[in-house]
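**Q** Sequence:
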Amino acid sequence: MSGFDTGIDGLEELIPDGSSVVFQGPPLSGKDTFAKNFFYRGLENGESAILVTANDSAKNISRWFKENQMPLEKHSDRYGIVDCVSVSQELERANDQYNVSYASSPGDLTDIGIKTSEYIRDLYKKGKEEKIRICIDSVSILMMYSDTRNIFRFLHTFTGRVKSINGVLVSLLEDGSHEEKTLNIIKQIMDIQIKSRENNDNTELRLSGKGLATEWLEYKVEKTKLSLK
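Per this note's numbering, residue -10 is the first one in the sequence shown, and the count goes up by one each step.
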């Protein structure tokens, strides 16, 4: 099958190979739930997946998957987590020496990039390169520690990388976290946008870019996924 499914129940559109996606929305719109589900959906589909987390520790993330009956251990040869927070915040580390790498801080984009690239390389060595998903949770947090130019270069490196390997990159952006001009600079290097908004008492999303176009669609945030109403 060509393309990547979004993992959003009821949404049939596939993300084309080699695409870079930004999911932008307000707080509590389910962005982090989407990212975790997108990451795990890839593993369940026989793909490889890398999660770069500046939002929570790898230990907490591993616990979340376990508590929600989404066992990572059965996919141990096809995933990696780059933890950007545990070292700088002196948090307890996960009991996993291969599947988790620790960057020095959310502001060390070079270290984050190296750790992520090492996972891509290792997955290729294992022959698991047919499909690779990379999720960054979140670009908004990385932007708190680095200037726009460095963030742009960091993301540009990975947008080029996913094109070359026919993978997919998903990055999260939070509304109101930065000036709109800054957000637009980041979004311009992305192929596809998933935009979330609050509309009266409903939460809606819309896909656009690279041949994809949907209307505003109502959705709900469930424990482990997003679902269209």
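Hints may be right or wrong, so weigh each one.
Label-pair distances were calculated between CB atoms; the ranges are [what the hints assert, rightly or not]: (1) 217 / 85: 42 to 48 angstroms; (2) 218 / 99: 40 to 46 angstroms; (3) 33 / 217: 18 to 24 angstroms.
Listed next, the in silico DSS-like pairs over lysine-lysine satisfying Cα-Cα at most 27 angstroms (straight line) [unchecked claim]: (4) 218 / 170; (5) 209 / 199; (6) 152 / 170; (7) 199 / 184; (8) 209 / 184; (9) 170 / 212; (10) 176 / 120; (11) 120 / 199; (12) 152 / 114; (13) 218 / 199; (14) 63 / 120; (15) 199 / 176; (16) 176 / 152; (17) 115 / 152; (18) 115 / 48; (19) 55 / 152; (20) 152 / 218; (21) 63 / 48; (22) 55 / 209; (23) 152 / 184; (24) 170 / 184; (25) 115 / 55; (26) 120 / 170; (27) 212 / 120; (28) 48 / 120.
Please keep in mind that the hints were generated in silico from the structure rather than gathered at the bench. Cβ coordinates follow ideal geometry from the N, Cα and C atoms, glycine included.
**Q** Could you grab the alpha-carbon distance between residue 63 and residue 120 and see if it respects the 27 angstroms cut-off?
**A** holds, 18 angstroms
**Q** For a C-alpha distance cap of 27 angstroms, please report whether residue 212 and residue 120 respect it.
**A** holds, 26 angstroms
**Q** Between residue 55 and residue 152, does the CA-CA distance stay at or below 27 angstroms?
**A** Measuring from Cα to Cα gives roughly 32 angstroms; hence the hint is violated.
**Q** Compare the distance between the alpha carbons of residue 48 and residue 120 with 27 angstroms, and conclude whether the hinted pair is satisfied.
**A** Roughly 25 angstroms separates the two Cα atoms, so the pair holds.
**Q** Taking 18 to 24 angstroms as the stated bounds, is the beta-carbon spacing between residue 33 and residue 217 within them?
**A** holds, 20 angstroms
**Q** Between the beta carbons of residue 217 and residue 85, is the distance compatible with 42 to 48 angstroms?
**A** violated, 34 angstroms
**Q** Is the Cα-Cα distance between residue 115 and residue 48 27 angstroms or less?
**A** Cα-Cα ~25 angstroms, so holds.
**Q** Does residue 199 lie within 27 angstroms of residue 218 when you go C-alpha to C-alpha?
**A** Satisfied, since the Cα-Cα distance of roughly 25 angstroms is no more than 27 angstroms.
**Q** Just to be careful, I want the Cα atoms of residue 120 and residue 199 compared with a cutoff of 27 angstroms; is the pair within it?
**A** OK: residue 120 and residue 199 at ~19 angstroms, within 27 angstroms.
**Q** Holds or violated: residue 152 and residue 170, Cα atoms, limit 27 angstroms.
**A** holds, 26 angstroms
**Q** Taking only the CA atoms, is the gap from residue 199 to residue 176 under or equal to 27 angstroms?
**A** Between residue 199 and residue 176 the Cα gap is close to 13 angstroms, so the pair holds against 27 angstroms.
**Q** Take the C-alpha atoms of residue 115 and residue 152, compute the straight-line distance between them, and say whether it is at most 27 angstroms.
**A** holds, 20 angstroms
Checked against the numbered hints above, the structure violates hints 1, 4, 9, 19, 20 and 26; every other hint is satisfied.
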